[in-house]
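Protein chains: 2
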Amino acid sequence: MSQLFTKTLREAPKDEVSVNAQLLIRGGFIKKLSAGVYSFLPLGLIVLRKIENIVREEMNNLGGQEILMPVLHPREIWEEAGRWETADYLYKLKDRQGSEFALGATHEEVITDIARKYINSYRDLPLLVYQIQTKFRDELRAKSGLLRGREFSMKDLYSFHEDEEDRKKYYNTIENSYLKILKKCGFKDIIVAEASGGSFSKEYSHEFQIPTIAGEDLIIFCKSCGFAQNKEICDLRQEGVCPNCEKELKEFKTIEVGNIFALGANYSKPMSLSFLDRSGMTKPVIMGCYGMGPSRLMGAAIEVHHDHRGIIWPEEITPFGVVVIQIESKNEAINEKIKKTAEKVYKKLQEKGVAVLYDERENKGAGEKFMEADLIGIPWRVVVSERTVAENKIEIKNRNEKEGALISESKLLEKIL
Amino acid sequence: MSQLFTKTLREAPKDEVSVNAQLLIRGGFIKKLSAGVYSFLPLGLIVLRKIENIVREEMNNLGGQEILMPVLHPREIWEEAGRWETADYLYKLKDRQGSEFALGATHEEVITDIARKYINSYRDLPLLVYQIQTKFRDELRAKSGLLRGREFSMKDLYSFHEDEEDRKKYYNTIENSYLKILKKCGFKDIIVAEASGGSFSKEYSHEFQIPTIAGEDLIIFCKSCGFAQNKEICDLRQEGVCPNCEKELKEFKTIEVGNIFALGANYSKPMSLSFLDRSGMTKPVIMGCYGMGPSRLMGAAIEVHHDHRGIIWPEEITPFGVVVIQIESKNEAINEKIKKTAEKVYKKLQEKGVAVLYDERENKGAGEKFMEADLIGIPWRVVVSERTVAENKIEIKNRNEKEGALISESKLLEKIL
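In order, the protein sequences belong to chains A and B. Position 246 of the first sequence, counted from 1, bears residue number 246 in the numbering used here, the numbering being contiguous throughout. Position 225 of the second sequence, counted from 1, bears residue number 225 in the numbering used here, the numbering being contiguous throughout.
This is chain A alone, in the form it adopts within the complex (with noise of 0.2 Å):
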């Protein structure tokens, strides 16, 4: 800890009114910029890197290929798909011979336009591809932290498909792996909810929605029948009953961390994305795309697991699983063993591939360490002290838990694994 250059700040900045931009910041995981830019720095790319590998992994699973697209898209790709005089929220740009480009803020034409160079044929079909990347927005509020930024991390999925009976056989496979993602990012309740397929569809979208007062969306959801839509779309006359079983709908404020969206022929027919089917006939590739964002989810995460004294990280994506504290004795004698003892457990969990955060800062009382542990959002606290060692012990607490309890070395591994 004394190695790691970031600090914590007692103070939130007050320009930051979001509890995971708050939190986090005063954590030293992100540092902002400009509203809605933010470095991530060790503790932040940390976290970040795992949720980007939860999500990689099941992508993988889904049989999706990884590729990567630029940020820089000419002017030219957004008119064929004729989006660039109406998406508002593109940045643009020119260079100075004068081209005009903007700022990938998602990547239907790029992802199509690489597509009609390599799908001619029904045996090309189906195709899974994504890319985890930088995107931007030039959003006209961005005070949300993580979970609106003008810049921000996302996987975007694309699908390619002879009709779209075969894009809906796909919606379940990836709809459940959305769900295990979620899970595996701490995130326990999840709506799935029906939501608007854009300018261009008639047919629904939907969305992952994790209910929290933080959130910008509002969702109507019917606790009996899982009916769940973004009030956006829903009829109002219904006036708070469910459509389907005619219970009592609720209203939920939510965060949105992912999206399915049918595309049908939108992007393929302008762009001349076409394949030859089983009879010999061309017809135009129909595509889905899938959204979700890894640095909105780490952003959701806090909003949904944190408390008055800070992050409660979730165990798969917390940026260590463990922080021994050592807090110093003014007796010499015990002092060496103080240390001894903490670098010693520091070392074991090392060894058996648990990421140890070691505090073993000098001239730092125990009430401030544990605050910075208790706000960096540890699960585990493990500390080494003149009363643990003068019992033989060490102190084991969870981030969830009031008290520590004093345990034997040897049973540290069996507690925390």
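Simulated from the structure, these hints should not be mistaken for lab results. Computed from a predicted structure; not experimentally measured. Certain hints may be false.
Chain copies aren't distinguished; within one or between two, either way the pair holds.
Below, simulated DSSO-like cross-link-like pairs (lysine-lysine); rule was C-alpha separation at most 30 Å, straight line [unchecked claim]:
id, residue 1, residue 2
1, LYS352, LYS337
2, LYS283, LYS7
3, LYS14, LYS117
4, LYS253, LYS32
5, LYS364, LYS117
6, LYS7, LYS348
7, LYS32, LYS92
8, LYS269, LYS94
9, LYS7, LYS339
10, LYS283, LYS364
11, LYS50, LYS184
12, LYS364, LYS32
13, LYS269, LYS14
14, LYS283, LYS32
15, LYS32, LYS94
16, LYS50, LYS180
17, LYS169, LYS402
18, LYS352, LYS50
19, LYS352, LYS397
20, LYS250, LYS337
21, LYS94, LYS143
22, LYS14, LYS94
23, LYS180, LYS347
24, LYS169, LYS7
25, LYS283, LYS188
26, LYS117, LYS32
27, LYS223, LYS183
28, LYS188, LYS344
29, LYS283, LYS337
Position chain B relative to chain A; hints supplied.
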């Protein structure tokens, strides 16, 4: 190979003049979106990530702490260091509220802004922080494929010191790291050359240069004593004679793949990054900056390692270590045996942790499969055909060899590992 969504192309695109772009596009590693802007397709992304991980490992060995800084830089931060007006290679844009941003071409301003939050005392120094991230440069000409991109992958390491003496202490360590990375990426000839320190500095910078006719730089090099300078700075009156040992100087075309800059207090002074030294005095932090571009390394590797048939990947960065090719027979019984044998070899190699590409495509002739394997550049080719199963052997050939050899399956691992 039947599942890989990219396909090799017979023709190189006419607008690509560089060998690296031609071979990478024909092999299905990358696809051009606009000049100097490429998508990395599945094979290309594997190579890029391998190079990035080689770089990352060495940066971590140095004690570097990894972070991730943004692409969108507000105008104000570039004005603080006085570069907004002068950096003509910056892409600039306005958001819809009129605020101005640059796309990060380099991150001295942003890292200095982060460092001034966390560095207060000599106890916080020295410090090494790095990122591997996508950068942008509005290049006037972008005709060298991955060698000079408008959007490209970059590792930038920044070091922070109490004084110049401490910064210089790190020079050799980092030079050794760089040489280790370049050797791991398969480069044998590396010239470390003095070059201009930039507009800010009288001190030389150091460039890591790879000799090749595809290079855009010119280096003066003395084989006898190792003296090397970028021709931009060298004293032309010397007329081909080494100023150190008076032996003959040779001129090489080279690709710059890494650099080391002394930044002094050029950023810390205007941006108020200072620290309290051991005597309680406030001093500006002394900085160094160390660049290396993974995507450019990928392009340079191909310029150095290719022949008329295609790429020849160095072992450590190849997307696959082995390609297993099965050649169909018209005799169905023999065909079964061929498939079984090829599949067995494929699985056995995978079990041993070898990355294998399995060319199980039907209705493709031997000639076409061999041509594609050579183009993609996999180091080892294993062939299972009518001829090999008749002799109860498999054929193995290194990409550098002209003729393959028949060996028994059991000898395969010792041959390639």
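Determine which of the earlier numbered hints do not hold for this structure and return their numbers in increasing order.
17, 20, 25, 28 and 29
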